[in-house]
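> Please take these sequences and the hints and turn them into a complete structure.
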Amino acid sequence: MTQSFGCNGLDASEYITRGKISLPFRSPLRLRPPITHHPRKLSFTAVSSSSGYAISDQELESRGFIFRRTINDLNLDHLNSIFVVVGFPKRDTDKIKVALEHTDSLLWVEYEKTKRPVAFARATGDGVFNAIIWDVVVDPNFQGIGLGKAVIEREWWRSYFKRESLTLL
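For the sequence shown, my numbering assigns the number 325 to the initial residue and increments by one for each residue that follows.
Careful, some of the hints might be misleading.
[As the list claims (entries may be wrong)] Once the Cα atoms are required to be at most 30 Å apart in a straight line, the calculated DSSO-like pairs of lysine-lysine come out as:
#1 K437 with K419
#2 K473 with K414
#3 K473 with K437
#4 K473 with K419
#5 K439 with K421
#6 K437 with K414
#7 K419 with K439
#8 K437 with K421
#9 K421 with K473
#10 K414 with K439
#11 K439 with K473
[To be verified] So the derived label-pair ranges between C-beta atoms look like this:
#12 K414 with G376: 33 to 43 Å
#13 E383 with D416: 33 to 43 Å
#14 V409 with K437: 16 to 26 Å
Everything labelled a hint here was simulated from the structure, so no lab data went into it. Keep in mind the model is a prediction, meaning the values are calculated, not measured. Glycine included, each C-beta is placed from N, C-alpha and C at the ideal position.
Quick look at the structure:
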(Lines of atoms letter the chains of each structure in order from A; the text may use other names.)
(Lines give C-alpha, C1' and ligand atoms only; values in the text may rest on other atoms or scores of the structure.)
Protein backbone atom coordinates (compact mmCIF):
# COMPACT_ATOMS: atom_id res chain seq x y z
CA MET A 325 0.00 0.00 0.00
CA THR A 326 1.34 3.44 -0.88
CA GLN A 327 0.63 6.69 0.84
CA SER A 328 -0.99 9.44 -1.20
CA PHE A 329 0.61 12.84 -0.95
CA GLY A 330 -2.30 14.61 -2.55
CA CYS A 331 -0.29 16.34 -5.24
CA ASN A 332 -1.71 15.65 -8.67
CA GLY A 333 -2.90 12.30 -7.30
CA LEU A 334 0.62 10.83 -7.28
CA ASP A 335 1.90 8.60 -4.50
CA ALA A 336 5.51 8.13 -3.31
CA SER A 337 6.28 5.25 -5.68
CA GLU A 338 5.10 7.29 -8.66
CA TYR A 339 7.38 10.16 -7.65
CA ILE A 340 10.33 7.78 -7.54
CA THR A 341 9.53 6.04 -10.85
CA ARG A 342 8.89 9.31 -12.69
CA GLY A 343 12.27 10.70 -11.61
CA LYS A 344 11.00 13.25 -9.11
CA ILE A 345 13.76 14.27 -6.75
CA SER A 346 11.71 15.78 -3.96
CA LEU A 347 8.28 15.35 -2.48
CA PRO A 348 5.93 18.29 -1.91
CA PHE A 349 5.23 19.60 1.60
CA ARG A 350 1.88 18.62 3.06
CA SER A 351 1.48 22.10 4.49
CA PRO A 352 2.98 25.43 3.54
CA LEU A 353 6.44 26.18 4.89
CA ARG A 354 6.25 28.43 7.94
CA LEU A 355 9.32 30.37 8.97
CA ARG A 356 9.81 31.30 12.59
CA PRO A 357 9.94 35.00 13.35
CA PRO A 358 13.47 36.30 13.98
CA ILE A 359 14.68 36.26 17.57
CA THR A 360 14.85 39.83 18.79
CA HIS A 361 16.36 39.09 22.19
CA HIS A 362 19.09 36.84 23.48
CA PRO A 363 17.53 33.65 24.89
CA ARG A 364 19.99 33.32 27.81
CA LYS A 365 19.44 35.02 31.11
CA LEU A 366 22.30 37.30 32.03
CA SER A 367 23.34 38.02 35.58
CA PHE A 368 25.37 40.89 36.90
CA THR A 369 27.34 41.28 40.10
CA ALA A 370 26.76 44.40 42.14
CA VAL A 371 29.92 46.32 42.94
CA SER A 372 30.05 47.99 46.31
CA SER A 373 33.63 49.22 46.58
CA SER A 374 34.28 52.93 46.28
CA SER A 375 36.65 52.34 43.33
CA GLY A 376 33.89 50.81 41.19
CA TYR A 377 35.68 47.45 41.10
CA ALA A 378 34.80 44.24 42.91
CA ILE A 379 38.35 44.20 44.34
CA SER A 380 40.15 47.51 44.83
CA ASP A 381 43.69 48.18 43.68
CA GLN A 382 44.67 48.77 47.32
CA GLU A 383 43.31 45.38 48.41
CA LEU A 384 45.18 43.60 45.64
CA GLU A 385 48.37 45.52 46.44
CA SER A 386 48.05 44.54 50.11
CA ARG A 387 48.07 40.90 48.94
CA GLY A 388 51.25 41.46 46.91
CA PHE A 389 49.79 42.02 43.43
CA ILE A 390 50.82 44.94 41.22
CA PHE A 391 49.04 46.07 38.05
CA ARG A 392 51.23 46.77 35.03
CA ARG A 393 50.20 48.37 31.73
CA THR A 394 53.39 48.18 29.66
CA ILE A 395 55.51 45.34 28.32
CA ASN A 396 58.73 46.89 29.67
CA ASP A 397 59.06 44.52 32.65
CA LEU A 398 56.97 41.67 31.23
CA ASN A 399 58.99 38.49 30.75
CA LEU A 400 57.44 36.97 27.62
CA ASP A 401 58.71 33.47 28.47
CA HIS A 402 56.88 33.64 31.81
CA LEU A 403 53.73 34.91 30.08
CA ASN A 404 54.00 32.13 27.51
CA SER A 405 54.26 29.56 30.31
CA ILE A 406 50.91 30.79 31.67
CA PHE A 407 49.39 30.51 28.19
CA VAL A 408 50.58 26.91 27.96
CA VAL A 409 49.52 25.83 31.45
CA VAL A 410 45.95 27.12 30.89
CA GLY A 411 45.65 25.31 27.56
CA PHE A 412 46.71 27.83 24.93
CA PRO A 413 49.23 26.60 22.37
CA LYS A 414 52.85 27.56 23.00
CA ARG A 415 53.62 30.72 21.07
CA ASP A 416 56.79 32.12 19.59
CA THR A 417 57.90 34.91 21.95
CA ASP A 418 58.94 37.12 19.02
CA LYS A 419 55.37 36.90 17.71
CA ILE A 420 53.97 37.61 21.18
CA LYS A 421 56.12 40.76 21.27
CA VAL A 422 54.80 41.91 17.87
CA ALA A 423 51.21 41.25 18.98
CA LEU A 424 51.71 43.22 22.19
CA GLU A 425 53.33 46.11 20.33
CA HIS A 426 50.18 46.31 18.18
CA THR A 427 47.83 46.09 21.16
CA ASP A 428 45.87 49.19 22.15
CA SER A 429 45.73 48.35 25.83
CA LEU A 430 47.16 45.63 28.02
CA LEU A 431 47.09 44.83 31.69
CA TRP A 432 49.02 42.22 33.59
CA VAL A 433 49.33 41.44 37.25
CA GLU A 434 52.74 40.83 38.78
CA TYR A 435 53.10 38.85 42.00
CA GLU A 436 55.55 40.89 44.06
CA LYS A 437 57.23 37.91 45.78
CA THR A 438 58.20 36.18 42.52
CA LYS A 439 58.33 39.18 40.14
CA ARG A 440 56.40 37.04 37.64
CA PRO A 441 53.14 37.67 35.77
CA VAL A 442 50.17 35.78 37.24
CA ALA A 443 47.29 37.32 35.24
CA PHE A 444 47.05 38.99 31.84
CA ALA A 445 44.59 40.53 29.37
CA ARG A 446 44.92 42.77 26.33
CA ALA A 447 42.51 44.76 24.18
CA THR A 448 42.55 45.86 20.55
CA GLY A 449 40.03 47.88 18.62
CA ASP A 450 39.24 50.23 15.80
CA GLY A 451 39.74 53.32 17.96
CA VAL A 452 36.15 54.47 17.60
CA PHE A 453 33.36 51.92 17.94
CA ASN A 454 34.58 48.48 18.98
CA ALA A 455 37.17 46.83 21.19
CA ILE A 456 37.96 43.19 21.84
CA ILE A 457 39.61 41.77 24.95
CA TRP A 458 42.01 38.93 24.08
CA ASP A 459 44.19 36.39 25.85
CA VAL A 460 42.66 36.58 29.31
CA VAL A 461 44.70 34.18 31.44
CA VAL A 462 45.34 33.58 35.13
CA ASP A 463 48.04 31.26 36.44
CA PRO A 464 46.19 28.23 37.92
CA ASN A 465 48.05 28.71 41.23
CA PHE A 466 46.33 32.09 41.54
CA GLN A 467 42.88 31.27 40.16
CA GLY A 468 39.81 31.72 42.32
CA ILE A 469 40.94 34.88 44.13
CA GLY A 470 39.53 37.43 41.70
CA LEU A 471 42.51 38.27 39.48
CA GLY A 472 40.71 37.36 36.25
CA LYS A 473 37.76 39.49 37.26
CA ALA A 474 40.13 42.31 38.21
CA VAL A 475 41.87 42.43 34.82
CA ILE A 476 38.57 42.14 32.92
CA GLU A 477 36.97 44.94 34.95
CA ARG A 478 39.89 47.24 34.40
CA GLU A 479 40.29 46.46 30.69
CA TRP A 480 36.53 46.74 30.20
CA TRP A 481 36.33 50.16 31.81
CA ARG A 482 39.35 51.43 29.92
CA SER A 483 37.98 50.14 26.61
CA TYR A 484 34.36 51.06 27.34
CA PHE A 485 35.05 54.74 27.79
CA LYS A 486 36.96 54.87 24.51
CA ARG A 487 34.45 52.96 22.32
CA GLU A 488 30.79 52.20 21.80
CA SER A 489 31.03 48.42 22.18
CA LEU A 490 33.30 45.80 23.67
CA THR A 491 33.62 42.13 22.79
CA LEU A 492 35.10 39.58 25.18
CA LEU A 493 36.93 36.60 23.70
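> If a hint holds in the structure, say so; if it doesn't, say that too.
Now the hints, each set against the structure:
no. : hint                       : verdict
1   : K437 with K419             : holds, 28 Å
2   : K473 with K414             : holds, 24 Å
3   : K473 with K437             : holds, 21 Å
4   : K473 with K419             : holds, 26 Å
5   : K439 with K421             : holds, 19 Å
6   : K437 with K414             : holds, 25 Å
7   : K419 with K439             : holds, 23 Å
8   : K437 with K421             : holds, 25 Å
9   : K421 with K473             : holds, 24 Å
10  : K414 with K439             : holds, 21 Å
11  : K439 with K473             : holds, 21 Å
12  : K414 with G376: 33 to 43 Å : holds, 36 Å
13  : E383 with D416: 33 to 43 Å : holds, 36 Å
14  : V409 with K437: 16 to 26 Å : holds, 19 Å
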